[in-house]
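Q: Sequences listed follow chains A and B, in order.
Counting in my numbering, the first sequence runs from 1 upward without gaps.
Counting in my numbering, the second sequence runs from 1 upward without gaps.
Derived from the structure by calculation, the hints contain no laboratory data.
Keep in mind the model is a prediction, meaning the values are calculated, not measured.
There may be inaccurate statements among the hints.
[Said to hold, decoys possible] Mimicking DSBU-like on lysine-lysine, the simulated pairs with C-alpha atoms at most 35 Å apart in a straight line are:
no., chain 1, residue 1, chain 2, residue 2
1, B, Lys90, A, Lys280
2, A, Lys9, B, Lys276
3, A, Lys47, B, Lys125
Take a look at the letters that make up each chain.
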Amino acid sequence: MSDRLTVRKTYKLYLGGAFPRSESGRTYEVHDTRGHFLANAAWASRKDGRDAVVAARAAFGKWSGATAYNRGQVLYRVAEVMEGRAAQFTEEVAAGEGLSTAKARAAVDAAIDRWVWYAGWTDKLAAVLGSTNPVAGPYFGFSVPEPTGVVAVLAPQRSSLLGLVSVLAPVLAAGNTAVVVSSKERPLPAITLGEVLATSDVPGGVVNLLTGDAAEIGPWLAEHADVDAIDLAGAPAPLAMELERSAAGTIKRVLRAATDEPDWTADPGLSRLRPFLETKSVWHPIGV
Amino acid sequence: MTHVLDPNALADTSGGTGTLPDPFADVTRSNDAFRAFLHGLPGVDQVGAEARAKVLGTRSIKTTAKAWALDTAISMVDLTTLEGSDTPGKVRALAAKARRPDPTDPSCPAVAAVCVYGDLAGVAKEALAGTGINVAAVATAFPSGRASREVKLADVRDAVANGADEIDMVIDRGAFLTGRYLDVFEEIVAVKEACGSAHLKVILETGELVTLDAVRRASWLAMLAGGDFIKTSTGKVSPAATLPVCLVMLEAVRDFRAATGRQVGVKPAGGIRTTKDAVKHLVLINETVGADWLSPDWFRFGASSLLNDLLLQRQKLRTGHYSGPDHVSVD
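Chain B with its partners taken away, still in its complex shape (with noise of 0.2 Å):
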């Protein structure tokens, strides 16, 4: 087995972020080289990043700037259904929630993506067509990832297929942690050049990286390999996303753009339920990356449960009485 990439090779194959930006052109020419760049990257203070992210989680978000940051979380999220007992007819009516979330109140923006598994793509794309809601697909043997980069591939290109926008991939936890890091990259290149126009996502799977160390350098990696977001997790695994891990993966996206010019999203997903959680995240993006990554294109939660609790407070805001679960749909 090779660990030698040859950069024009891919530029050939992947048309659009195949060639490593500038200043890492060299950093993966071999394993070694790989995990010694990675290893290189500087440390993450731990305690400080809680810290951080806790005393960001403090702050007092209220009235019109309230109202504003309700309205740009339902915009960011991606209402995800990712069981085993999802059907067609469930995904469209997921579909019908992301068009119209509060079918009480028409100023209440859509969602950004509907995320299901790649054999309902179809059902989604078909449902949400004409509305400019992305249809979201999970492959690459979601959530596990344990699966040979030949079924990972087919299942790629089938979510494409069925009509899927936007392709979260997991990446192969096993390989990164054992310290193969150029197979990682390899897979997530490959899965690229799969996704076609797709944008691709790529899951860390935070919960299973353990440090935080080793989530900056999975973020590095996945950019590095053209992940257009990166995104905390599968929500099969707990902890899911949690702030301090957010907030390394934002200072991730944060550096490589200055070093290479190129914008890359983050989404976090898993254990997000509650619009506090979620104003908590506007915070910190506010305050870590700055107000570029205050949009949908470049910021969006994975969630199910947490668009009934922003629409209940979004009731409130308009009604000036608390709402209830009886005013919004069981999903």
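This is chain A alone, in the form it adopts within the complex (with noise of 0.2 Å):
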């Protein structure tokens, strides 16, 4: 046995590029499923939420207005970061969700597969989702997918990694920005991932990560009036009508929760991107 001391870790939130404490000075304790100390994580409060929204508003312009071709270069970057630390994103996922090695392993592989399958996607929505429309007179017609906005996703509260990564990678490969809320009990890939994102070539405030409760920040984020959309996965079921109840009064694009958490491993096609695009339609004089 080494008589090293060990390093515990008390984590911080991932809020537009850095990483600050909790507004609120809270942190609680993360226990892999036999209760044993992981580490501490910060447990992020409403004025986090906020804050996070205000970064995530500021980054949009930048985020959006980049090439499809270029976000799609700088979600691939992730995915190679994430390569490099596929060793702690396992050991993490073990423990959180009391996985074997080897199946641990098979989630963080699926994972960055997928974050590299929705950097592939950047430039072919246009293609895909975008028409030239028929009219009948001397015009073209266009419909070009745009993204929605600022984003706020309450992540699967069971699949960690897979599950955060299926819900967050297509909110950016659209050009979204997002403000996510981990899951509560199993933070720690999350935290890692923010880790990720800072050291890849993301800007910062386009993805913001909070620990903590989405049952405590939900409300406010499905409220705020200048968040435009709002990912329920992680919402438990009464919480999830509650929500897409009040984010109904700023109209909000709202993806509805499970009844269940999916099974993750599943192709989920355009079923996450199609929801935070918007349809815009132009009409343009031919000739001259």
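Make the complex out of the two chains shown on their own, each in a separate frame, by following the hints.
A: Next up, the structure:
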């Protein structure tokens, strides 16, 4: 046995490209499935949620204005950095979800593959979801998909990495910026993903990761007038209905939660890209 | 060039505050005497001022107190546009915003004044007719103040003729920093005279004065010369308004009133962008000079983007949920 002292970690939030403590100063203990202490995580408050929305709004112009090709390159780079951290992710997924190392490694691989898959979608969305419309007149009619804006994501509570990637990557691939509330009991892969994002080429503020309770921060994000859409993947059933109702006050796009957490390994198709895109149609005169 | 100033001559020309208040009747008899007076003011403990401003900035203002602070701060705003690209249209838009800062909420107070360049004061005056909102115009070769006295005075007269209720003048920082205090003093006196009935705000441009001692001296100089307000900055120089600078100026107006009985207002300008900053200033006033200054007659914020942040916070208090920049005007 080594006689080194254990380095006990107290993680922080990932917000606006920096790693601040929660404004509230709160932290909570994260345990593995057998109840052993893993680390301390920041316990985000509604004001962290508010700050995250400000950061996401500020980052939106640059991220949504980048070329689709560029966004794809940046997201692919994220997958590269994730690959380098695969061992750490595996350890955290295994501890948090109670999986064997082999199964955890498979989940991590699937998450990285999922990220690469979404990175490839950035410059294909316009071709697949856009169109040149037939019109009866001397005009062109084009429809093009555009990002919705700032998306609040309540990440899945059980699948701490594959689930998180499956809800976050499509939001980014479509050109939105995100405020993510991680799984409460299993936040460590989200924290590591924040470190990955900070050291890849994703501009600060495009992704803001809050560790804490979706039931506490979710209502504030659902009501927030500067949030354009909300993904309720990680909200338990009664909360999800309440959030959907309050999101109606500001006419948000709402992606409903499945009654039970879905099998994240299944091919998602466009089901998570389409909800966070708006279709813009343009009429343009022909000739001269 | 003579530095001898006859107090009686001043009284003849400027009407209002011409004669120096009693205890200071002869401090401006010569530049040397004035210099001796200003340098004889108590020194400012810079570390202490910064610590005091910082500790007051940590006060937590919530619920009803916050609601009061928001409305008070809105009513203290001098809504400002001082760009080379200003147009009559932009000034009219600003005036509309000054009257009804939040069109969705009639209970939202109007701002104190609209601050523009002198040539646009007429446009602002017309757009604000009958509202009780003042028109403030910057003058005296704003923002640098580098012009001859004739040009500066002509600038002031022009702004007043255009209908400005308040004149924001800049002091000659070059003269101040080289110790020609009496020149600066005489210039302020002359501008005050040219203002007629318009209120005079004296911009010290504290970012160029370097030390807090110089800020205290400039504050006293401006108050002795008859300024109705002392203002931190033009907004064109960084750093602009900071809490320690504002603290020193508030102490100066407090001491000046104690010595002479005349109350002078304070206007921090530039760099105050968030509600939190504004509330910190209100706390600073209350703890330094007391509630007498907690009114738009005696305290103003020179700002443009601050108003939007105040409105967002106000909407949050009213609706219970966070608002966003889509719900206030783009200036």
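Q: With reference to the structure, classify each hint as holding or not holding.
A: Cross-check of the supplied hints:
1. A C-alpha spacing of about 31 Å is found between Lys90(B) and Lys280(A), which places the hinted pair at or below 35 Å, so the restraint holds.
2. Distance restraint check for Lys9(A) and Lys276(B): the Cα-Cα separation of roughly 32 Å lies within the 35 Å cut-off, and the hinted pair is therefore satisfied.
3. In summary, the hint linking Lys47(A) to Lys125(B) is not supported, as the alpha carbons are separated by about 41 Å, beyond the 35 Å threshold.
The structure does not agree with numbered hint 3 stated previously, though it agrees with all others.
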